[in-house]
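> Going down the list, the protein sequences come from chains D and G.
Quick note on the working numbering: the first sequence kicks off at 1 and runs consecutively.
Quick note on the working numbering: the second sequence kicks off at 1001 and runs consecutively.
Hints should not be assumed to be uniformly reliable.
Unchecked claim - Taking CB as the label site, the calculated pair distances span: (1) G72(D) / I1072(G): 33 to 41 Å; (2) G72(D) / A1464(G): 41 to 49 Å; (3) I1007(G) / W95(D): 28 to 36 Å; (4) G72(D) / R1080(G): 42 to 50 Å; (5) W95(D) / R1386(G): 34 to 42 Å.
Quick caveat, the hints were computed from the structure, so don't treat them as lab data.
C-beta atoms are modelled at their ideal positions from N, C-alpha and C, and glycine is treated no differently.
Now for the letters of each chain:
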Amino acid sequence: MPKTDALQGSLDLLVLKILSRKPRLHGYGIMAAISERSGEVLRAEEGSLYPALHRMEEAGWIHAEWITKDTGRRARIYELTAAGKKQLAAEESRWQAVRSAVNRVLRTV
Amino acid sequence: MSLWSRIANVFRGDRLNREIDEELESHIAEAVEEGRDAEEARRALGRMAQHQQQSHDAHVIAWLDTLRADVIFGWRQLKRNKMTSLAAILSLALAIGACTSAFRLIDALLLRSLPVAHADRLYALSRQGIGFNGKFGAYDSWAYPVFTQMRDAARGQADLIAISWAVPTDVTYKTDQEMEKANLQYVSGSMFNIFGLQPALGRLFTASDDRTPHAEPYAVISYDYWTRRFARDPHVIGRVLHIGDNSFQIVGVSEKKFTGTEPGTFVDIFVPTMMHRHVNYPNSTWIRTLVLLQPGVAAEPLRQKLAAISQVFETNRLKGETGLSQETLRNVLDNEVLMKPAGTGVSWFKQDYNRALAALGVLVLMVLLIACANVANLMTAQAAARAREMALRVSVGAGRWRLVQMVLAESALLAFFASASGALFAWWSAPFVIGMINPPDNPVRLALPADWRVLGFGIALTIAVIVLFGLIPALRASSVKPASVLKGGEDPHSRRRVMHGMIALQVAFCFLVLFIAGLFVATFKRLSAQPMGFSAERLLMLETTSRPAQSQVYWDQIAERLRAMPGVERVAQAAWPLLGGTNWNDSISINGGPASTDLAYFLNVSPGWLDTMKIPLLGGRDFRNSDAYPNVAVVNETFAKKFLNDEHPVGRFFEKASDDGKRDRMEVVGLVRDAYYGDIHEPMLPVVFVPVHSTDSTGIFRPLDEETFIVRTTASNPLALASILRQQVPREGVQFHVSNIRTQEQIDQAQTVRERLLATLAFFFGAVALLLAGVGLYGVLNYSLLQREREFGIRLALGARAGDVAREVTARIFAAVSMGAVMGLGLGMTSTRYIASLLYQVKTTEVGVLAFPSLIILATALLAAVPAVIRALRIDPVAMLRAE
């Protein structure tokens, strides 16, 4: 539970960021990427990842399509849309603002 | 992805769920490839179903999705009870269709504004009071000279428009032998401009066409006539048409939307008022006066101003009038000038039919309410059957609103199907009803647009219907208490009370419909059975004109010609047919006394006319060939009673007082039995028959320009001879032309068109109402029985007598029926005040009129109860208790 708490509210940001670096990832790939990039510190809880993906898809930030992998299995892969890029910028600056605010608090106390 | 895709996803939910499943499965497969345990991965993914729901909700609009589910569920419910659903849909469809149809008619005739500019500021002038005929009424005919005075006085405050009634008129385009009928209307030239109408072709009249009497020989034809008669030929401009002795040049075609100012009639040809032969006559009233107020002008001061002008004009006109009694003159001068809104048009048809249509509207509304009550009972019964299901839904957490929505969705589905079929019915039935108003020479034409007004009414009606029959059952269904259902049933009485209330309402409405239908049918029967005083059988009327007027000698020769034809029994001549709509009246003076207040009615007839019409001679003799107007007269009984004190009228003298002061002394040579002259709804009129031969002061026969040949044929269908006889007439000379052929029976039937329409439709809706009420009764009885089957089974097992059980089954229902009948009677008694003018010699207190609906409803209730009672008596207690 503590691990997921750390992610609360920033899952969207992470997913968008990952997709901006590595487009055309499927759900499992995104999850794996978050875990890998954060040095295994952050883990997107698998249960909340998919509803979040579908929500962002409905919001028009990401676009999904079905592909057939070499193994013959179908997979649903995601990539960033133009609206998603804007959203990423907004989320990033919001995150920076929150982070510096939190840092200020930590420094002064 | 957008709102649209979310709406679309509602309708492809299965596929959506499959895709979500597949994606989650592929996630697990990835995990397994990475070397994780499948079970572990699945656990990590959490509760699949929940994710699926969350993901699904992200893709759709939630409320639309549940609505879709409800509609599908409702559809399954309807399919499960196919027969009842179908019956409910059909009865609702009929009722909704009839209501929409009635709305279309009422809207077209009474509510819809004329398609002219500023219809909201349009008024019509009329005079109300006792008229020249001694009857109280509103008279909206005006003489042209007073119109011009009023028009000039109102200048700056209002525009006044003179419009004659549209009348079917003989029109020729080439020679007299190719004569045809067209609805002709004389209008002020300024009318088109004031109404803001544009020409579809050529030009319209302007105020400059209102200047010179008899010198504006132009015609504007309507778009409809242009289409029908000329197939929209643009070369129609410049063509010449002849009406009587006048020729008119067609100068334009009016705007498509404008069919005239008389609802019920489409005008074909407009000509300027200047061309009417009575345009300068102060004594001839032949126009309606419409007033279009300028913005901001108050109506009442203008009305007073116009009333004053009318008063002065009438006083001057009637000064020195000797042809009318002093009382009549006083009454006429006391008439009040009214100015009433006329934005929806003015016509006789409208006056004659507004109440009839309103009455029909109420009848179909009653039928709709009965149908709604039926469906409400049906839904209530079904809700009872589904009480367990509802209880289960509540137990697993369904909210009350959710259940209401579910049941309402089913109702809405039902109403939707009913409205769709009802719309078809309305589309067909409104023109059908108008088609029934078809006097042979002048059928009614009413523009019946199916536009947003009708659509809006239909949608509003559908929603009202859903609320009426769906809301109560939905609320009841949603208020189930699971505990009481599981205990073996909630209070069954409350549900039955609602159903019995519905039954009482149904019976009340049904009683009202039957009561009114009975009144209309009785009116029609009495009118039809009314002895006319003559025999209409096998009588053919050849209404004939001659241009120029011809001496009586030639007219007599045509009669001879017709007499010689095979299949002809008798031929006579008259100025016009009885009951044909034309009349001629004047005051009577006895022994040089003052002119009478009561008027007598006149008709010129030839020798042998009485025989041909089979009007019995009671005394004296028929006319001879040597008799000539105005010396001799044959009078009817009413005349003898009213003017001659009924004492041996034959041989006595009286004087006819003409408007111009001339008095004609006549000797009564014959007395005949009463026969209807003008309108069979009214009492017998005093009638004077005078010779068709008319001599002037020098004793020479006056030429005549029109006459009607009355032919009694030997064949039962006189119309079979129509074309042969029609060809015979011009053989006497090309100036003779038959302008109209009708049978006397057609003329008689035209007298009762409205009553026939009302009787037919009221009978139909009465039957429908009865059927629906009967079905409703049966349904409720059956339901009550099902609920109490166990109870009756036990009673029968314990030795209850059949009669007691039957009484028990039906007692409450019959109480509801009686209550409904009493309510219906109250409604019926109140309603007759509004329909009294549509009835003829029918008293609402007559035993027959009251007994008819009571007995029919009682019989229906008994019939509906029979199956339930039989079923109750056949309950096998053993089998039933074992089944439990």
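> Please write out, lowest number first, the hints stated earlier that are contradicted by the structure.
2, 5
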